[in-house]
Structures are given as structure tokens and as C-alpha cells.
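Let chain A serve as the given structure and place chain V on it in line with the hints.
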Amino acid sequence: MTRTSARGVLATTVVHAAGHGTAALWDVVAKGGSGLRRNDLAWCDLPAWIGPVPGVDECALPATLQRWDSRNNRLAWLALQDAAFRRAVSEVMSRFGAHRVGLVLGTSTSGIRTSEVAYDKRRESGHWPADFEYRRTHAVESICRFSAEVLGLTGPMVTISTACSSSAKVFMTAQRWIGAGLIDAAVVGGVDSLCLSTLHGFHSLQLLSEDICRPFDAERNGISLGEAAGFALLDCAPAAVSLTGGGESSDAWHMSAPHPDGQGAQAAMRAALAAAGLTAADIGYVNAHGTGTIANDRAEAAALRTVFGEQRVAVSSTKGATGHTLGAAGIVEAIVTVRALMEQALPPSSNLRTPDATLALDIVTAPRVATLRHAMSNNFGFGGTNCALVFSRSD
Amino acid sequence: MSSLRFELHAASVLAPGLASLDDLREACRRGTPPEPTAPLILPAPAVLPANERRRASPVVRLTLACIEQALQSSPFKVETLRSVFATDEGTGEVCDQMLEVIATTRQVSPLVFPNTVQNAASGFFSIAWRNRQPATVASLGLESFASGLLCAVTDAVATGQPVLLVAYDPAMTGPMRELLPITDHTATAWILSAAPAFAHVPLLGSFVLDLEPQGTTPPSAMPPWLPAAWSGHSSARALAALGLLEAAEGSCFRMTLGGQLLSIRRVAEASS
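Residue numbers (numbering that gives the first Met the number 0), protein chains in the order written: chain A, 0 to 394; chain V, 0 to 271.
Here chain A stands alone, though its shape is the one from the complex (with noise of 0.2 Å):
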């Protein structure tokens, strides 16, 4: 594996369950809080935390946009109305030309909650919704289409759909797509809403938990669904604080369970570490994926203890702040992990109350001063998909 060129992180947006903005995420995600509630959705009555984002209900995208109304596109508009990631975009759109900057999100259901309300009606009336477009509010592309459109974007992209690994992915193309020489910068993101599909599905699976999630927690009993948009502004250049590496892999084991050694977890953090030319040593902090459910965080645990050693690094999830964010997931935890560079905090695990100490993890129970140069991102997914990316300070 040959060492990757620094690609700096010029700007970051996302709106989550907390709140809107990198600030509003940092501020509850610093200190362990948590922006998840008991499920109120109206239209699911499922005994459930949920991490629902602020306003998306009320949010009413722009006359010229409205086609593309969805749950999920709603979500990237809001995130998109932060002024500062906007004239960092349009000030790389003006260095290099709208044509040679890139978009690559990643999503895993889409604006599938859009088709759920459609086939509702065409049960009742036995017609599609007159204003019912598959293309723009649900199909997989839907979100790159529209935030092309928002952004004004016209060089190359595509959506990267690998259940909850996709949004960190989406760091790996990018950085694939600078290297061949065919952009100059990219916006990278994710999105995900909240909808049936996955509360029910994650439900059948006897996964999603009636307790507020818990990463790492001795009584940890399943995930938590949050819903998320978050955006990065990739440049071809070091900046501040740069993507110096990323590693890939699968676990080929099961489609919704993991290897029980965390083999492929292993595998891609041993490969992220390899591209940024750095050893196990030199990180100073994982946020983890942390989902939550028993086999998921001691399969990554194990993973991590066999590439670190017991208790060698310091390591926290965020999922307990922001709930499972799914294809949003890779996103947010990158945000985190790079504000966790800039503040030189550690973020401790949310709803925290007794380690699990066979994990054999130096787990982040309370808001932690570090000196820190280098940071790891990990997300996993169905189907086996494993991705670590790893974000360094130039200093």
C-alpha cells in the first residue's frame, strides 16, 4: 500500500439530532450529552429512542425545489444553509472551476420514507400522488442530483450506497477521484432519515433497543435510529487539518452480523494506518461505531485490542449523542473526529453508566483534555463493509 497524499478538510457542515451545525454537534457530543428522545414520530409506534434533526417537519425547501422534496433531501438542505461551508465551496468553485469539484455522498435508504407514504396512498386511492417523482425525492441518486443542484456542482459524482459505511467510503473515492487527476477538490457527505424501513427492519432483527442506546455499556441491548446530514469540502491540498488515510475491506462472514474477531475491522484500520504512513501508536483516539448492540462493539472491540492492544488508545462513540445515523453515520463521526483534532478533546460515550470492562477498551467516560495529532474514524456495515479513516493535524 503506498502512503496518500494529505487531502485537508476545509469546511464542515451537518445537521443531526442535537441540533444544526458543526458547533451544535461538537457542543453536545464534548460533554456526552445526547439529543435522542423517546420515539414521538406520528407515524410509528414502535417502543424506541429516536435522534430525529430539528425542523426537518416544519422545513419547506425553496418553489424551484420543491420536486425534490423528501425527508431526506429536506435534510441536506438544512445542512446546506451554513454560510460558512457555502463560501468555502463557492471560493474552491472560483479557484477551480465548478467542473473540478467533485460530489460523492453517501446514502443508505434514501429518500425511502417518501415512497412509504406514497404507497400508502396508492393503496387507498389506487393511484400514485400526482406530485410523487421516485426519481428525485427516493431513488438512490436522488441526493447527489440535488445537492449538485443546490451547490451549483458540475463535475463528476456519484452516490456510494454501502449501508453504514457509506459516508466514510465516500472519503476513499474522493481521494481516489484527486489522485487520478480528475477534480481538483470534492464535497463529500452523507444523508439519512428516519423512516419505517429501517425502524421496523433494524426492530425485526431485535436490534433496535427500547433503551436509550449505549455504546460500550455492560448493559448495552441495541441501537438507537438517528437521522443526519453532514458535508466536508475536501481540497487537493493539506490544510489545517487533513484525511491522511483511509483502509477498505470485507468481512466476508455474514450479511448482518460481524466477523466475532472483527477480522475485517481489522484489516481496514491496519490499511488506513498503512496509507497515512503511521503505526498503531501514533493515534491518539478512535471514535468507534460503537453501535451499540452486544455482537457489534465486542467484535470491534476485539478488533481494536488486536491492532492497538488492551487499553492503548483512547476510544469513545458518539452513537449515544446522535443515535445511528446509518449512510449518515461515516459522515458524522469524520466531523467529530476532525473537531476532536481542532479542540484537542476527546468526546466521551454518551448514556454511559458501566463500562463494560471485558471489552478490555480505554473507553472515554468523561470529557478528556488530549494532546492529539492523530484521530480515527470507523464504520462498518451490512453486507460486511468495513472503512477507518484517519485525520491528522498539520502542526
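What the hints contain is simulated information worked out from the structure, not anything from laboratory work.
Please note: incorrect hints may appear among the correct ones.
The list that follows gives simulated cross-link-like pairs (lysine to aspartate or glutamate, EDC-like), each with its CA atoms no further than 20 Å apart [claimed, not checked]:
1. A:K30 to A:E309
2. A:K30 to A:D44
3. A:K30 to A:E342
4. A:K120 to V:E51
5. A:K120 to A:D130
6. A:K120 to V:E177
Have a look at the derived ranges for each label pair, beta carbon to beta carbon [unchecked claim]:
7. V:I40 to A:L40: 37 to 45 Å
8. V:V207 to A:R311: 42 to 50 Å
9. A:T353 to V:P48: 20 to 28 Å
10. V:A37 to A:A129: 31 to 39 Å
11. V:T104 to A:S93: 51 to 59 Å
12. A:S93 to V:P180: 36 to 44 Å
13. V:D22 to A:K120: 13 to 21 Å
14. A:S4 to V:D21: 41 to 49 Å
15. A:L40 to V:P42: 38 to 46 Å
16. A:R86 to V:G214: 25 to 33 Å
17. V:V207 to A:S393: 34 to 42 Å
18. V:A196 to A:S393: 29 to 37 Å
If you want the ones that stay clear, here's a sample from chain V, every Cβ over 12 Å from chain A, calculated [unchecked claim]:
19. I40
20. E67
21. T182
22. T216
23. P218
24. P223
25. A246
26. G249
27. R264
Being a predicted model, the structure only gives us computed values, none of them experimental.
Ideal placement from N, C-alpha and C gives every residue a C-beta, glycine not left out.
Frame of chain A, contents of chain V only:
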């Protein structure tokens, strides 16, 4: 940009009336679409463990059969292949099943739910052949193949490893078919490389990709030797591009990709 060169070492084709690359090349030479035949029979994939084999969804059957065909002429060991799966709606009838259940009982099957992810096919590929290399799923509507091809070639360029590219569209069923009129299963699997070290490994042809802003040159029309009904299949662009194997050096197939035009051009093979 500089052109991205790649070598195509093996390719398979699976669609009604086109059961192999040879069938596709013959249709291309003949200039007319294959005669209408019965819908594809998709076998339960013998390569999967027995319990998974019985439950394999149509898209998993389609992609694994197509990959198996490509592997028969692959010069690379399957466990060394990185992969890119390119599809428009990559779950096929599972998506419709899920939406019907949500609209009625909401009793989602725990066996079906893991198959509702777009990376179900790539996940089962990795399980079937114990392939632990990275797998990516690229999607962009009718430009899914163009985006996947760009991902596959840039992956091969960046890593120096061979890459399996699978472009596919499972037939849609139920009300979803009214939204996404894909009536046939169509798929093709390519095994490609971009490293000088592989230039002399047996190959079908050499190509370069170019990316330019749209406007000056129009995208290529779909060729007359493919059924017109497949124009709504993203993977039909991949089938059309395979027709370049029957064309002279310098021949080109152009596809839109976002605001760009991606062209794939046949070039001379490296001299030995």
C-alpha cells in the same frame, strides 16, 4: 485531465437472449437485437452456503451468476479482486416487498431486511468467494454504470490491483415497476486492471477513459443491436460499451456523468 488507461481482461454478460460475451459480440456484428426469448432463469447460487442459497434474492442470483461467468476467464485469483458494483436500484423486487409490508402489516422479515441494502449483492459476492477485498456500490440513476466505471478504474489506478466491476439492473416487480420500468434482468461483469505490470496478462482489449464538461460532444446513442426497452437500464450502457470490442481502435462510447461526459475509447494493446 490525463486519460486513464485500463485493460479489460474478462467480461461476462447475462440478459434475456444474451447469455455470454460471445452472444453480445454476435448481436453487435449482426446489428440487430437478440430474438425475444423466455425470461432469464436465475439459478440458486451453488457457491453460497445452503441456507443462504435458498433465500438468495433475484438480484443476488443475477449478480453471482454473472460474476461466476466472468471468473471462468479471469487471469486473476478471485480473492485478489477489489470490486465496484454499479446499479440504479440495486435491490430489485426486495424494495417493492419491503414497501408493501410497510404499507400493510409492518411485519418486516428479519431474513429479508438485510437484503434491502444496496450492497446486498456485493456482500454475498464477498461471502460466496471469501473475498475480503474492499467492495464499493456506486449508484447514479441511468449514469450508474458511468459512475461505477470511473470508480473502478480510479480504484485500479490508485491501488495497482485488479478490479471487478459489476453493472446490473434487477427487474422490478409490483408497483415499483410503474416507477422504474425495468422489466428484464440485465447484468455484465468486467475484470479490469490499470497497472503496467498487468498489461501483458491475457486481455480482451485496452481502453482509455476521458472526462470533459458536457456541451461540445453529445453522448452516444444506444446501439440498435440492444433491445430498445433496455434504454431505461443503467447497465445497458455497459453492454453497449462492450460493443467496442467489435469496433476499430479509436472508437468511442460517450456517457453523461453529472455535468460531465465520460468517454471510453478503444486503444491499441501494449506491444509485447
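Hint-by-hint comparison with the structure:
no.	hint	result
1	A:K30 to A:E309	violated (25 Å)
2	A:K30 to A:D44	violated (30 Å)
3	A:K30 to A:E342	holds (13 Å)
4	A:K120 to V:E51	violated (35 Å)
5	A:K120 to A:D130	holds (12 Å)
6	A:K120 to V:E177	holds (15 Å)
7	V:I40 to A:L40: 37 to 45 Å	holds (43 Å)
8	V:V207 to A:R311: 42 to 50 Å	holds (47 Å)
9	A:T353 to V:P48: 20 to 28 Å	violated (38 Å)
10	V:A37 to A:A129: 31 to 39 Å	holds (37 Å)
11	V:T104 to A:S93: 51 to 59 Å	holds (54 Å)
12	A:S93 to V:P180: 36 to 44 Å	holds (41 Å)
13	V:D22 to A:K120: 13 to 21 Å	violated (43 Å)
14	A:S4 to V:D21: 41 to 49 Å	holds (43 Å)
15	A:L40 to V:P42: 38 to 46 Å	holds (42 Å)
16	A:R86 to V:G214: 25 to 33 Å	holds (28 Å)
17	V:V207 to A:S393: 34 to 42 Å	holds (36 Å)
18	V:A196 to A:S393: 29 to 37 Å	holds (34 Å)
19	I40	holds (24 Å)
20	E67	holds (16 Å)
21	T182	holds (16 Å)
22	T216	holds (15 Å)
23	P218	holds (14 Å)
24	P223	holds (26 Å)
25	A246	holds (25 Å)
26	G249	holds (22 Å)
27	R264	holds (16 Å)
Consistency note: the structure conflicts with the earlier hints numbered 1, 2, 4, 9, 13.
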